[in-house]
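For this one, chain P is given, so just place chains F and V on it according to the hints.
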Amino acid sequence: MSYETILYTSDQGVITITLNRPEVFNAFNEQLSADVNDALKKTSKDKSARVLIITGAGKAFCSGQDLKAIAGSQNRSLSESLVKRYNPMIRAIRNLPIPVICRLNGVAAGAGCSLALACDMIVAAENASLIEVFVNVGLVLDSGSSYFLPRLIGSARAFELSTMGSKVSAQQAYEWGMVNRLVKPEDLDAEVNKLAEYYAKAPTKAIALMKKMLNKSFHSDLDTLLDYEVYCQEIAGRSSDYKEGVNAFNEKRKPDFTGN
Amino acid sequence: MSYETILYTSDQGVITITLNRPEVFNAFNEQLSADVNDALKKTSKDKSARVLIITGAGKAFCSGQDLKAIAGSQNRSLSESLVKRYNPMIRAIRNLPIPVICRLNGVAAGAGCSLALACDMIVAAENASLIEVFVNVGLVLDSGSSYFLPRLIGSARAFELSTMGSKVSAQQAYEWGMVNRLVKPEDLDAEVNKLAEYYAKAPTKAIALMKKMLNKSFHSDLDTLLDYEVYCQEIAGRSSDYKEGVNAFNEKRKPDFTGN
Amino acid sequence: MSYETILYTSDQGVITITLNRPEVFNAFNEQLSADVNDALKKTSKDKSARVLIITGAGKAFCSGQDLKAIAGSQNRSLSESLVKRYNPMIRAIRNLPIPVICRLNGVAAGAGCSLALACDMIVAAENASLIEVFVNVGLVLDSGSSYFLPRLIGSARAFELSTMGSKVSAQQAYEWGMVNRLVKPEDLDAEVNKLAEYYAKAPTKAIALMKKMLNKSFHSDLDTLLDYEVYCQEIAGRSSDYKEGVNAFNEKRKPDFTGN
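Chains as they are written, first to last, in the working numbering: chain P, 1 to 260; chain F, 1 to 260; chain V, 1 to 260.
There is no bait here: all hints are sound.
It does not matter which identical chain is meant; a pair holds if it fits inside one copy or across any two.
In silico SDA-like cross-links for lysine to any residue, where the CA-CA straight-line distance does not exceed 20 Å: (1) Lys167 x Glu197; (2) Lys68 x Ala248; (3) Lys194 x Asp11; (4) Lys201 x Asp189; (5) Lys201 x Ala190; (6) Lys212 x Ile235; (7) Lys84 x Asp227; (8) Lys167 x Tyr198; (9) Lys47 x Leu96; (10) Lys68 x Val133; (11) Lys201 x Gly165; (12) Lys254 x Val133; (13) Lys254 x Asp66.
Keep in mind that the hints were calculated from the coordinates and are not lab data.
Bear in mind that the values here come from a model prediction, so they are computed numbers and not experimental data.
Chain P extracted, bound-state conformation (with noise of 0.2 Å):
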């Protein structure tokens, strides 16, 4: 199967959606945003997949939704947007039961840049830079981005990004703690890759349990948590990759682990 505006590929464990229509800076319309959320199904039916990356196709990584696209519809229903096309994409990312990598390709604007937050590592060009465009035209952070941001750079800076619309260079978002990796361009497929083939032999489903002990952190209390590492551990020291963790670390030689 083959998808109108995204690549799919799925290489030993690596699953890879480029968001591919590059002519408009892989800006969201209604087939983008269809094939995103498809692909994202998909691969969370897939059990061989251990570790995801999203990318856009050339200059940009994604430009948010296509103004374009909706030119002379004004009247269309901004919210009936977002729960149908957008929060299914971003809980589909933030639920997959695999690390997700975002390939920081170029500039993250919008619901672009809420993308590449929602994802739960960055992997950034030099030349890229992240931008909360929404209130250039009297709207509002969306897919999830008020939820990100604070997390990500505390609540001044967030407020700053969110009502300025302002450029945040790969560089500033890097010594903010909003991206893991700043990486000459042309060093970008060498450090996704290797972050990739890491969790590509990972404890998947360890990291799994610690994605979703992540996304609990700020808003529970300690209490809460403990009880949930508890519950998590549980299930991590009946998986097979504890198993060989363990033998490995006996017989001093590396785990094989199979994410099971």
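Frame of chain P, contents of chains F and V only:
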């Protein structure tokens, strides 16, 4: 109407409240907190207000509670003072449907520090500083600092500043993300005015909604915030400013936002 | 009373717990966690205690669970171990009504990393490091790290450290706000002692209340924290230390806080 202990000006959508007891570094006595509370009420009723600046006259921003004003009244109820004077001020700032900029011209101590941190953004002069002095007299953080500090600088730094009463230089605060802009004292007005001018011509309704969203962020889970974004985006999408924003985009011109 | 696996000293309000299994980098076996839990209980009952230091003997701070101690018992319940041994330790530290300083003399790994992060402040030697090793054996964060990490360094860095088991140098941890002080190894004692002396003469009751407030911060909304500040300030305002603090201020002398 004029006030006894503050200056209140309104100019093309920019409201400025200047704490004006420079002889005591703008320490709060009963009159000053009453005046600020009244001025905040007035601002919230002013339909033309687009942005509020809070600053101090003279060398200091605000040195907190005037300890001389309460000398000899050690048995007074501290809680009554918070409930009636300080907490309404902090709540009013956070609930004000316009951005609030702190023009940090000098030291902000105790409740004065909380007042600065309650603002949505801080522009600091290089010689300014922030200090949670409560512990020095055996008291605890109040006026919202226990809410603001960890959200700005994380839990380890928040504990240190709170319990050691450490003075944080503007430079340090800038690096840590407590303040948004760091400028030479002689450039403070220019920088504050630049921001005020931006906000006075910005889509105020959308900014007010984003302020509410961000105020909910840390203690809410993703689903709650996605739902709230939908609710807010629907409101923003029906605003005049959104119509203007899209029209300006299509016509390749700068939008003329009225704030409605 | 003396312990088998820890050193416990008390000197003028300064309690020190030293994990003392240097031959295994202070790894936790049953005895060590039992000893630490007992020592924490003892500290909480010691009315003269004003500050607690936790450190490790030898080269390491604490290398986490002693995997050799559980070799051959892969079917043991990990959850039972957390519920009975580790979580009580973490809860005790966070509920202790005095500040807890981690003297980070070397590597802190796994549950040892959680132990360090559970402390209110960390003073780190330049050669120390923190590492969430759980993932290396197919396990998940435990002993509170899923609570502490995002609150210290934000969500993107927290995900990376948790799922990659990355070693964080003391230098990096300092820049990110995970540790409060970074010193040369030979200056570690001097710096820790300076902090301990400060806290041993500080208004301990106010600090205990602030610790509780800050522990509630991220998951609580502004109204909840404003109310809680009022409650705590009323208690602090009735303390001897507040009377002493105001008197000392008026008399322009250093206060002599008893901690009550």
